[in-house]
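Colleague: Spelled out from the first residue to the last, the chains are:
2 protein chains.
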Amino acid sequence: MATIKEVAKQAGVSVATVSRVLNETGYVHEDTRAKVNQAIQHLHYTPNEVARSLFKRKSKLIGLLLPDITNPYFPELARGVEDRMQESNYRLIFGNSDEDEHKERDYIQTFVQNNVVGVISSTNDPNAVSYSKLKIPVVFLDRTSDDKPSVFADGREGGRIAAQEMVRRGSRGIVIQRGPQQVRPAQDRFLGAMEVLESAPGVTVDIMQNASFSYNEAVQGAKELFEKFPQTDGIIASNDIAGAALLHEALRLNKRIPEDVQIIGFDDIPLSSLVYPPLSTIRQPAYEMGREAAELLIQFIENNLVAQHKIQLPVSFMERGTTRKVD
Amino acid sequence: MATIKEVAKQAGVSVATVSRVLNETGYVHEDTRAKVNQAIQHLHYTPNEVARSLFKRKSKLIGLLLPDITNPYFPELARGVEDRMQESNYRLIFGNSDEDEHKERDYIQTFVQNNVVGVISSTNDPNAVSYSKLKIPVVFLDRTSDDKPSVFADGREGGRIAAQEMVRRGSRGIVIQRGPQQVRPAQDRFLGAMEVLESAPGVTVDIMQNASFSYNEAVQGAKELFEKFPQTDGIIASNDIAGAALLHEALRLNKRIPEDVQIIGFDDIPLSSLVYPPLSTIRQPAYEMGREAAELLIQFIENNLVAQHKIQLPVSFMERGTTRKVD
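Protein chains in written order, with full-length UniProt numbering: chain A, 1 to 327; chain B, 1 to 327.
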């Protein structure tokens, strides 16, 4: 690989001049700049990013922290972030926090040690000291914060829509799965659904609590739900994995879907259309949310004026095979 | 955050001495070392990893390149890699190549620019010049290479097992989905299955080609397969996503599973047990493969003697609801 010395020699200038061109600092005559750029191209010279980052105190690295990439909602977010970052030549240092605050703190610390210029995090605790003491911009993704930049979907409205569709399509004995207590978007959905169902005439509502969003919990939760409420004719699942597990259990119990029980999921992960019948769900635009978070962070890093610090994306009902048809 | 100067002051030594302790270079008296370490602990000093990496010419960063994290097989690999790396304090710079050679080359280049000390890659072209000219260790994951370190599952045996189980459980008009041509593990499975079926008495074999492993392709491929071979009584899917799409389409066509058609997938992603009936499949231990690749790379980075450069992990048949019961 070519060195900066070889570039300087080929261009007939000093190493300092090459450095000024590379770092866009100080005055360089236009002809000289052209000569240096020619030499760079000719020798396929690529500057060492680490040396650059020390010199400019700026790297092109971003820290991305997600709860768990094996939950199929998060890869969509991650792809959105990465694709937008890629367009502006930023690279991601990536970590899974497992929603463990020690692991989260540890990752944030190593992000800083590696001179990241910004952080995107899906954390349950945006007010944690690990974030507030950071001297670089942070964008919270899929999580809201009262006073910090964040990108999220309208979970409350999503919960309302799920409940309205459930009632409108004829369910009267409805069970709501309440997602993990510490995951705020899950609580927003729950509250939105409750808001509608509490005032819906002739509807009874029961609540089942999920402790986590893991696969095992989804399978176990589905079994318990039908044991406790065998007569339910409508379930608002805490997310699509839970919804798929409920569909599985309902079919295993020989229930007809959607005639006997309607099920509505949340997220619209690719799996939702693959199960049979395909899962009706509330779509969150996860990929777009990832892109928006990346865009917002880039604006902060590049010191641009940012009008909107909180970006809420809309949700929508995806009508598929686990809800009844109406006019 | 504490600086190296403050550590030196507190320990009553020079900055150079603190640096020698941190970098484990040169002689430092045991008592002095103890004093420095006490000061480091007391002040919660954490060295800047970038400065360290320039000085020692070693970072704690690894580049991880996967085709596409939104394909649910890859997050399992990624988690395995990350969890093992985390244990040894390595961090991952992560990229999706989309199996695009330009994107792949670009990522490898920026990995190098950020001073990664090793690379793990799932590439279709381990012989690409981007890899051969790297001066740091590379481990190929989920892909085999004739002469380079790699960790992979026994795809050929997986294909054989799928075919044997299909025949043993009574299918006679079998369709094999052949995965994308450029993905070698997919071809290994195909060849393994063909090996068994070509010599199976009374069995007819047909082949359908998949151009990619995308969701859309899986859905489209399933429709086309049943249009072309409506009478098939057994399908060896190219992976679990394709298997789930085939199951979906078969149920939509009112076929009884597994009575009318048996389906066997490949991978054993979490989705496979969630669909109904749950998908019988050939399990690849993806998480363990990720861990093994990380382990192997760490051994190379730390210059340990490595006995085994190619690690092949076993596959196994997961009997679920899309295959018939036999004694």
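Treat the hints as calculated values from the structure; they're not laboratory data.
In this text the structure is predicted, and so the values were computed from the model without any measurement.
Heads up, some of the hints might be wrong.
Intra- or inter-copy, both count: the list cannot distinguish identical chains.
[Stated by the list, open to error] Pairs of lysine-lysine, DSBU-like flavour, derived with a Cα cap of 35 angstroms:
(1) Lys-310 x Lys-133
(2) Lys-135 x Lys-255
(3) Lys-223 x Lys-9
(4) Lys-310 x Lys-135
(5) Lys-103 x Lys-310
(6) Lys-223 x Lys-310
Colleague: Each hint should be assessed against the structure and marked as holding or not.
Modeller: Structure-based check of each hint:
Within a single copy, Lys-310 and Lys-133 get their C-alpha atoms as close as 20 angstroms, which meets the 35 angstroms cut-off; across copies the closest is 45 angstroms, which misses it. With identical chains, the CA atoms of Lys-135 and Lys-255 are never at most 35 angstroms apart, being 55 angstroms at best within one copy and 60 angstroms at best between copies. With identical chains, the CA atoms of Lys-223 and Lys-9 are never at most 35 angstroms apart, being 73 angstroms at best within one copy and 63 angstroms at best between copies. In this assembly of identical chains, Lys-310 and Lys-135 lie within 35 angstroms of each other by CA distance solely inside one copy; the values are 19 angstroms within and 44 angstroms between copies.
For the identical chains of this complex, Lys-103 and Lys-310 are neighbours both inside a copy (26 angstroms) and across copies (32 angstroms), given an alpha-carbon limit of 35 angstroms. With identical chains, the CA atoms of Lys-223 and Lys-310 are never at most 35 angstroms apart, being 39 angstroms at best within one copy and 43 angstroms at best between copies.
Comparing the model with each earlier hint shows violations of hints 2, 3 and 6; every other hint is respected.
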